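Once you've looked at the hints, dock chain B against the given chain A.
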Amino acid sequence: ETGVTQTPRHLVMGMTNKKSLKCEQHLGHNAMYWYKQSAKKPLELMFVYSLEERVENNSVPSRFSPECPNSSHLFLHLHTLQPEDSALYLCASSQAPPLAGGYNEQFFGPGTRLTVL
Amino acid sequence: GIQVEQSPPDLILQEGANSTLRCNFSDSVNNLQWFHQNPWGQLINLFYIPSGTKQNGRLSATTVATERYSLLYISSSQTTDSGVYFCAVCQSGNTPLVFGKGTRLSVIA
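Note that the protein sequences, when read in sequence, are chains A and B.
Going by the working numbering, 69 is the number at position 69 of the first sequence; the sequence numbering is gapless.
Going by the working numbering, 21 is the number at position 21 of the second sequence; the sequence numbering is gapless.
With the rest of the complex left out, here is chain A:
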């Protein structure tokens, strides 16, 4: 699926580093999501942006800071991470606002595999 791209694909960082993950969607959607996938755990929703406003923040630590400058781009700024933050970070997009009664079909990017040393 080339409709949603993510960069970088792999990232290794120290606990004192600051880095950013980037997501771009080319599907004309206007809702974007960040998910975290840790080893042997279900995908966990982190943030939802709908029409460029954050509508969901799933109790994520403040060392993760999202930014959605427009409906096509989503960033996840990382600072002072912990080794347990090592995971696959997935971006997704869909049409928004959510349909009455539920969200629209979501499409995912290839993910950024993050390792925190």
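Any given hint might turn out to be false.
[Stated by the list, open to error] Computed list of chain A residues with no C-beta within reach of chain B, every gap over 12 Å: (1) Gln-6; (2) Met-13; (3) Lys-18; (4) Glu-44; (5) Ser-71; (6) Thr-112; (7) Val-116.
[Said to hold, decoys possible] Here are some, though not all, of the chain B residues that point toward chain A, as calculated from beta-carbon distances under 8 Å: (8) Gln-33; (9) Trp-40; (10) Gln-42; (11) Leu-46; (12) Tyr-69; (13) Gly-100.
I should point out that these hints are in silico values taken from the structure, not numbers from a laboratory.
The structure displayed is predicted, hence computed values, not measured ones.
Idealized CB from N, CA, C, for every residue including glycine.
Leaving out everything else, chain B in the frame of chain A:
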């Protein structure tokens, strides 16, 4: 919150065999999606199927919303079908997708 249970957790098939993967959910849903996660982590959309039956090539899916389950059928499996299959649901109301733990499928030649 809603619970999503997938079974079996692991499945090993000989190439050419058929299989059925199951997804049970604990409450009514407005949205259900099946995904295939390949070995590189990419989640590929298979079906958007809150109810009814759909088919796409060797894959088909059925969701019986009133009985709170969905089935994914894979026929004539190929080694490229290997990976993890996820079911994800969205409850009534504006809630985001909740994922099951997945079924890990290995197809051997």
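We went through each hint and held it up to the structure:
For Gln-6 of chain A, the requirement that its beta carbon stay farther than 12 Å from each beta carbon of chain B is not met, with the minimum near 10 Å. Met-13 of chain A, annotated as away from the interface, keeps every beta carbon of chain B farther than 12 Å; the closest lies near 18 Å. No beta-carbon of chain B is positioned within 12 Å of the beta-carbon of Lys-18 of chain A; the least distance is around 24 Å. Consistency note on Glu-44 of chain A: stated as away from chain B, yet its beta-carbon is not over 12 Å from all of that chain's, at 8 Å minimum.
With a least beta-carbon separation of about 17 Å from chain B, Ser-71 of chain A lies farther than 12 Å from that chain, consistent with its non-interface assignment. Chain B draws Thr-112 of chain A into its interface by the beta-carbon criterion, the shortest separation being 9 Å against a cut-off of 12 Å. Separation of Val-116 of chain A from chain B is adequate, the least Cβ-Cβ distance of about 17 Å exceeding the 12 Å criterion. The interface hint given for Gln-33 of chain B holds, since its Cβ lies 6 Å from the closest Cβ of chain A, which is under the 8 Å cut-off.
Checking Trp-40 of chain B against chain A by beta carbon gives a least distance of about 7 Å; that is within 8 Å, so the hint holds. This hint holds: Gln-42 of chain B has a C-beta 5 Å from the nearest C-beta of chain A, less than the 8 Å allowed. Here the hint on Leu-46 of chain B is broken, as its CB sits about 11 Å from the closest CB of chain A, past 8 Å. Evaluation of the Tyr-69 of chain B hint against chain A yields a violated restraint, the C-beta minimum of about 18 Å exceeding 8 Å.
A hinted interface residue such as Gly-100 of chain B counts as satisfied when its beta carbon comes closer than 8 Å to some beta carbon of chain A; here the least separation is about 7 Å, so the hint holds.
Consistency with the previously given hints fails for numbers 1, 4, 6, 11 and 12, ordered from lowest to highest.
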